[in-house]
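Residue numbers (our numbering), protein chains in the order written: chain F, 1 to 232; chain U, 1 to 232.
Be aware that a few hints might be false.
Copies of the same chain look alike in the list, so a pair counts if it fits in one copy or across any two.
Simulated crosslink set (DSSO-like; lysine-lysine; CA at most 30 Å straight-line) [to be verified]:
hint, residue 1, residue 2
1, Lys16, Lys199
2, Lys141, Lys178
3, Lys141, Lys43
4, Lys16, Lys135
5, Lys70, Lys20
6, Lys151, Lys94
7, Lys20, Lys3
8, Lys29, Lys43
9, Lys91, Lys151
10, Lys135, Lys59
11, Lys199, Lys91
12, Lys70, Lys152
13, Lys16, Lys29
14, Lys151, Lys199
15, Lys29, Lys63
16, Lys70, Lys178
17, Lys40, Lys141
18, Lys16, Lys151
19, Lys3, Lys63
20, Lys59, Lys199
21, Lys3, Lys151
22, Lys151, Lys135
23, Lys20, Lys152
24, Lys70, Lys59
25, Lys151, Lys141
26, Lys70, Lys29
27, Lys151, Lys70
28, Lys152, Lys16
29, Lys70, Lys94
30, Lys43, Lys59
Keep in mind the hints are simulated off the structure, nothing from the lab. Given the structure is predicted, the values throughout are model-derived calculations rather than measurements.
2 protein chains.
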Amino acid sequence: MQKIMTAMIPARLGSKRIPKKNIRYMGEKPLIQYPIDLAKSSKRFSDIWVTTESEELGKIIEKMGASFHKRSSELATDTATNREFTYDFLKAHKCDYVIMINPTSPLLRQETMNHFLDYVQEHNFDTVLSVIIEKEEIFFKGQPLNFSYDKKVNSQMLEPIETICWALTAWKRETFLKLQQENINPVFGGTIGRFSIPKDESCDLDTLEDWNIAEGILNSRMNKFEERYIEL
Amino acid sequence: MQKIMTAMIPARLGSKRIPKKNIRYMGEKPLIQYPIDLAKSSKRFSDIWVTTESEELGKIIEKMGASFHKRSSELATDTATNREFTYDFLKAHKCDYVIMINPTSPLLRQETMNHFLDYVQEHNFDTVLSVIIEKEEIFFKGQPLNFSYDKKVNSQMLEPIETICWALTAWKRETFLKLQQENINPVFGGTIGRFSIPKDESCDLDTLEDWNIAEGILNSRMNKFEERYIEL
């Protein structure tokens with residue numbers, strides 16, 4: 001049976017380190033428009049909601065074709081967590097799964113999102129996290145985690161690590177509500193699926209430097225640089 | 001006492017997945033020129049050597065102001081390791097430390113390289129590795145490594161992992177030669193220092209996609225994009 005999926009895009013107007021980042025243009029579109037366009041183009045969602053404390057931002061996203069879920073201002077502080085605002089959202093909206101699409105992932109490709117949604121449809125996890133798989137030599141607490149000092153091996157031979165990137169997260173509504181009511185953390189609730197997304201589709205947007213990197217990557221996708229070599 | 005440091009820049013002409021990448025222009029300079037320029041500008045090296053199997057590349061790097069260490073062709077295959085070609089290099093060149101500068105790190109900043117060299121000078125490690133520090137939720141072998149399902153915490157609270165990035169590596173010559181002769185892996189030999197470099201200065205250049213990302217980041221540093229917002 002087809003699962004009913006609702007998109008939830010958390011957005012604040014009052015971002016600290018990159019002021020008003022959600023309405024700032026990255027390349028040809030404002031940041032907040034990327035997840036809205038991805039969600040619309042996927043044609044898999046019953047509804048597409050942006051949750052924000054800002055009435056002004058609410059009007060903008062409605063023009064972009066998403067619905068406006070007004071977040072109470074105590075859920076829009078720097079310390080408000082996924083857990084709190086997702087619970088607030090899920091109490092108000094019926095669905096089988098909520099898919100949180102992070103607006104700080106403008107590099108996410110349509111194809112990747114669609115595969116993620118297929119994965120949620122085809123399995124029956126309570127939580128699906130998006131992860132980046134990396135095969136590099138890692139130290140943890142000062143000690144080698146996945147390699148040995150005895151031998152340098154090709155990185156393809158290393159045991160990978162998976163980093164949660166929060167670009168896309170799926171939660172089964174029923175489980176999330178139940179666990180929260182039982183005072184159990186629902187963010188990593190129930191059975192957990194991990195879905196791998198390509199490294200170049202994930203980014204942080206915490207600092208201005210992060211912003212410039214993401215904009216540079218986006219730019220490099222759109223404008224291939226000229227291919228030039230030293231003449232031998 | 002000032003330690004004598006020699007720069008070793010490993011370069012092949014016969015790269016597979018990005019053909020001739022070392023002589024390909026990234027932005028305004030060919031890739032191989034980035035580490036040469038960094039090494040020259042640091043003014044800390046007794047010598048700056050590029051090790052390559054290619055006579056043609058050898059001539060080019062000499063014009064750029066580096067010296068040419070001819071690598072035997074059996075040390076220029078895809079399977080030749082750091083261990084082999086560094087040993088070959090160190091047998092031929094006297095110094096206290098060899099600093100391997102990876103040409104696949106065009107994003108490395110001068111300041112970072114200089115701090116790395118200070119670190120090598122001020123300590124007495126046998127090996128110094130460059131690492132990227134990351135504070136993200138990590139899975140290892142399918143299990144949470146540095147977080148707990150019980151609680152979602154701010155990423156700043158997470159135990160970091162350190163990923164070896166191979167942008168810069170220092171080896172004490174004496175130790176390296178001794179361990180290799182004893183058939184002990186010298187790549188992670190003796191006492192090991194870890195030097196953290198900023199995340200946006202490290203990159204892979206294995207695939208064309210990696211290349212485009214790096215070129216995009218470089219481009220974003222040189223050309224600030226216009227700062228535009230949606231009008232409220």
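One pair to classify: Lys40 and Lys141, alpha carbons no more than 30 Å apart. Within, between, both, or neither? Result: close neither inside a copy nor across copies, 43 Å intra and 35 Å inter.
Status of Lys199 relative to Lys59 across identical chains (alpha carbons, at most 30 Å): Neither, since 33 Å and 37 Å both go past 30 Å.
I want to check one pair: Lys70 and Lys29. Are their C-alpha atoms no more than 30 Å apart within a copy, between two copies, both, or neither? Intra 23 Å, inter 50 Å, cutoff 30 Å: intra-copy only.
Between the shortest in-copy and the shortest cross-copy C-alpha distance, which are at most 30 Å for Lys16 and Lys29: within, between, both, or neither? Within. Shortest intra-copy distance 21 Å satisfies the 30 Å Cα cut-off; inter-copy 36 Å does not.
First find the shortest C-alpha distance between Lys151 and Lys70 inside one copy, then the shortest across copies, and answer within, between, both or neither for a cut-off of 30 Å. Result: close only across copies, 26 Å inter versus 56 Å intra.
At most 30 Å between alpha carbons: which applies to Lys29 and Lys63, within, between, both or neither? Answer is within: at 14 Å inside a copy they meet the 30 Å cutoff, but 44 Å across does not.
Reference check for the pair Lys141 and Lys178, CA-CA at most 30 Å: within, between, both, or neither? For Lys141 and Lys178, the Cα distance is within 30 Å only across copies (29 Å; inside one copy 36 Å).
With 30 Å as the alpha-carbon cut-off, assign the pair Lys151 and Lys94 to within, between, both or neither. between (54 Å within a copy, 25 Å between copies)
Cα distance capped at 30 Å. Does Lys151 pair with Lys141 within a copy, between copies, both, or neither? both (20 Å within a copy, 21 Å between copies)
How do Lys199 and Lys91 come out at 30 Å by Cα distance, when the copy is not named: within, between, both, or neither? neither (34 Å within a copy, 39 Å between copies)
Are the CA atoms of Lys43 and Lys59 at most 30 Å apart within a copy, between copies, both, or neither? Classified as within: same-chain Cα gap 22 Å, cross-chain 57 Å, threshold 30 Å.
Given a CA cutoff of 30 Å, do Lys70 and Lys94 count as a within-copy pair, a between-copy pair, both, or neither? For Lys70 and Lys94, only the intra-copy Cα distance (16 Å) is at most 30 Å; the inter-copy one is 68 Å.
Against the hints set out earlier in the document, violations occur for numbers 3, 7, 10, 11, 17 and 20.
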